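Number of protein chains: 2
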Amino acid sequence: MEDKTTLPAVLVNSYMSSLISVSASVGIEASFVKPEMTSGVKAQGSRTAAFIGIVGGAAQCTVALMADMPSFEAFVSAFTGGMIKADSEDPMSMSVLGEMTNMISGQALIKANMPGLDITPPQLFSGKNLKLSPSVKSNVKSFTLPFDIGVGRLYLVLSVYN
Amino acid sequence: MEDKTTLPAVLVNSYMSSLISVSASVGIEASFVKPEMTSGVKAQGSRTAAFIGIVGGAAQCTVALMADMPSFEAFVSAFTGGMIKADSEDPMSMSVLGEMTNMISGQALIKANMPGLDITPPQLFSGKNLKLSPSVKSNVKSFTLPFDIGVGRLYLVLSVYN
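Top line first, the protein sequences correspond to chains A and B.
If you read the first sequence in numbering that gives the first Met the number 0, its first letter stands for residue 0, the second for the next number, and so on.
If you read the second sequence in numbering that gives the first Met the number 0, its first letter stands for residue 0, the second for the next number, and so on.
To be clear, the hints were calculated from the coordinates, so they are not data collected in a lab.
It cannot be assumed that every hint is accurate.
Identical copies go unnamed one by one, so any copy, or any two together, can satisfy a pair.
[To be verified] No more than 20 Å apart at the CA atoms, straight line, and that leaves these computed lysine to aspartate or glutamate pairs for EDC-like:
{"hint": "1", "residue 1": "Lys84", "residue 2": "Glu72"}
{"hint": "2", "residue 1": "Lys140", "residue 2": "Glu98"}
{"hint": "3", "residue 1": "Lys140", "residue 2": "Glu35"}
{"hint": "4", "residue 1": "Lys84", "residue 2": "Asp117"}
{"hint": "5", "residue 1": "Lys127", "residue 2": "Glu88"}
{"hint": "6", "residue 1": "Lys33", "residue 2": "Asp67"}
{"hint": "7", "residue 1": "Lys84", "residue 2": "Asp67"}
{"hint": "8", "residue 1": "Lys33", "residue 2": "Asp147"}
{"hint": "9", "residue 1": "Lys136", "residue 2": "Asp86"}
{"hint": "10", "residue 1": "Lys110", "residue 2": "Glu88"}
{"hint": "11", "residue 1": "Lys140", "residue 2": "Asp89"}
{"hint": "12", "residue 1": "Lys140", "residue 2": "Glu28"}
{"hint": "13", "residue 1": "Lys127", "residue 2": "Asp86"}
{"hint": "14", "residue 1": "Lys41", "residue 2": "Asp86"}
{"hint": "15", "residue 1": "Lys127", "residue 2": "Glu28"}
{"hint": "16", "residue 1": "Lys127", "residue 2": "Asp89"}
{"hint": "17", "residue 1": "Lys140", "residue 2": "Asp86"}
{"hint": "18", "residue 1": "Lys127", "residue 2": "Glu35"}
{"hint": "19", "residue 1": "Lys140", "residue 2": "Glu88"}
{"hint": "20", "residue 1": "Lys33", "residue 2": "Asp86"}
All figures in this text were calculated on a predicted structure; none of them were measured in a lab.
Start from the sequences, fold in the hints, and give me the full structure.
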């Protein structure tokens, strides 16, 4: 079990590598854009988001996977073998983003060696100019991890209660 | 502890009355629009959303509180005594929605008599034409509770893993 000071760093690292490996498993090369990683929330241009909560003894956090339109299209096509057309109005196509978030979280929590955590089902949001607002509370730390997948951007926003 | 068949009904009822009582505590009369309550997700016209996860022995659920612009404005003004102008780009003003969701969830989980549940910090979304996609999984049940606050609409979307 990690103590509270190292928890964000452990989660950031395990989520980063899990996103890259889940993407690779469907043939998409995602590269972490380290210079643009920020504390706080910065995921401009996003059209779709999948959101899950993680709660357990050591942690209370939320994870949002946010995609712009080109990267949403690329992942829907890759996950479904081109069988489903990306459409943010279509629950089937949105569910790809939820499934990805589940897979990434599953791997990340194993890598982070944090057993005993429960995760919620993903909630799927879409909208024009979709924005996540950072928390104004001093005990919530947020981190935005940007990934470049060639055609577009994918952001992973982690918020951890301290 | 509730069994899995009654869990959604218990949560729907306790969230409904908690939303009404938290709104009343800041001087806003919210009435539940029973004829428009639906299973599934239906929260058209929303501009802002606060999202939390609830996890514990008996439950894995997510709650999204979604507001259209007029109701977002009404709540920001009521919660801050008119000190803050409603602006979906302003984290301070968005945090009102998060705080409301915290308060409603706190009351609802006490009413539902479900101790031992942990909730995540709220994530705050905004966007034009903000939409929540229903889950396509058969083991996730969603319910949309619509509320009329006179100037606008507020929706509470509950998703429960069965």
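So, going through the hints one by one against the coordinates:
1. For the identical chains of this complex, lysine 84 and glutamate 72 are intra-copy neighbours only, at 7 Å inside a copy versus 37 Å across copies, given an alpha-carbon limit of 20 Å.
2. Only between protomers do lysine 140 and glutamate 98 lie at most 20 Å apart by alpha-carbon distance; the minimum there is 17 Å, versus 25 Å within a single protomer.
3. In the homo-oligomer, the alpha carbons of lysine 140 and glutamate 35 lie at most 20 Å apart inside one protomer (17 Å), although the nearest pairing across protomers, at 38 Å, exceeds that limit.
4. In this assembly of identical chains, lysine 84 and aspartate 117 lie within 20 Å of each other by CA distance neither inside one copy nor across copies; the values are 32 Å within and 37 Å between.
5. Taking the closest pair of Cα atoms, lysine 127 and glutamate 88 come within 20 Å of each other both inside a single copy (12 Å) and across two copies (14 Å).
6. For the identical chains of this complex, lysine 33 and aspartate 67 are intra-copy neighbours only, at 18 Å inside a copy versus 36 Å across copies, given an alpha-carbon limit of 20 Å.
7. Only within a single protomer do lysine 84 and aspartate 67 lie at most 20 Å apart by alpha-carbon distance; the minimum there is 15 Å, versus 29 Å between protomers.
8. For the homomeric pair lysine 33 and aspartate 147, the shortest alpha-carbon distance inside one copy (10 Å) is at most 20 Å, but the shortest distance between copies (45 Å) is not.
9. In this homomeric assembly, lysine 136 and aspartate 86 come within 20 Å of each other (Cα to Cα) only across copies, at 18 Å, whereas the closest approach inside a single copy is 35 Å.
10. Taking the shortest Cα distances, lysine 110 and glutamate 88 never come within 20 Å of each other, neither inside one copy (34 Å) nor across copies (35 Å).
11. In this assembly of identical chains, the alpha carbons of lysine 140 and aspartate 89 lie at most 20 Å apart only when taken from different copies (18 Å versus 33 Å within one copy).
12. Taking the shortest Cα distances, lysine 140 and glutamate 28 never come within 20 Å of each other, neither inside one copy (28 Å) nor across copies (34 Å).
13. For a Cα distance limit of 20 Å, the shortest separation of lysine 127 from aspartate 86 qualifies both inside one copy, at 13 Å, and across copies, at 16 Å.
14. For the identical chains of this complex, lysine 41 and aspartate 86 are inter-copy neighbours only, at 18 Å across copies versus 24 Å inside a copy, given an alpha-carbon limit of 20 Å.
15. Taking the shortest Cα distances, lysine 127 and glutamate 28 never come within 20 Å of each other, neither inside one copy (26 Å) nor across copies (30 Å).
16. With identical chains, the CA atoms of lysine 127 and aspartate 89 are at most 20 Å apart both within one copy (15 Å) and between copies (17 Å).
17. For the homomeric pair lysine 140 and aspartate 86, neither the shortest alpha-carbon distance inside one copy (32 Å) nor that between copies (22 Å) is at most 20 Å.
18. For a Cα distance limit of 20 Å, the shortest separation of lysine 127 from glutamate 35 qualifies neither inside one copy, at 23 Å, nor across copies, at 25 Å.
19. Proximity of lysine 140 to glutamate 88 under the C-alpha cut-off of 20 Å is restricted to the inter-copy arrangement: shortest distance 19 Å between copies versus 31 Å within a copy.
20. When the C-alpha separation of lysine 33 and aspartate 86 is checked against a cutoff of 20 Å, the pair qualifies neither within a copy, at 29 Å, nor between copies, at 31 Å.
In terms of the numbered hints stated before, the structure departs from hints 4, 10, 12, 15, 17, 18 and 20, listed from lowest to highest.
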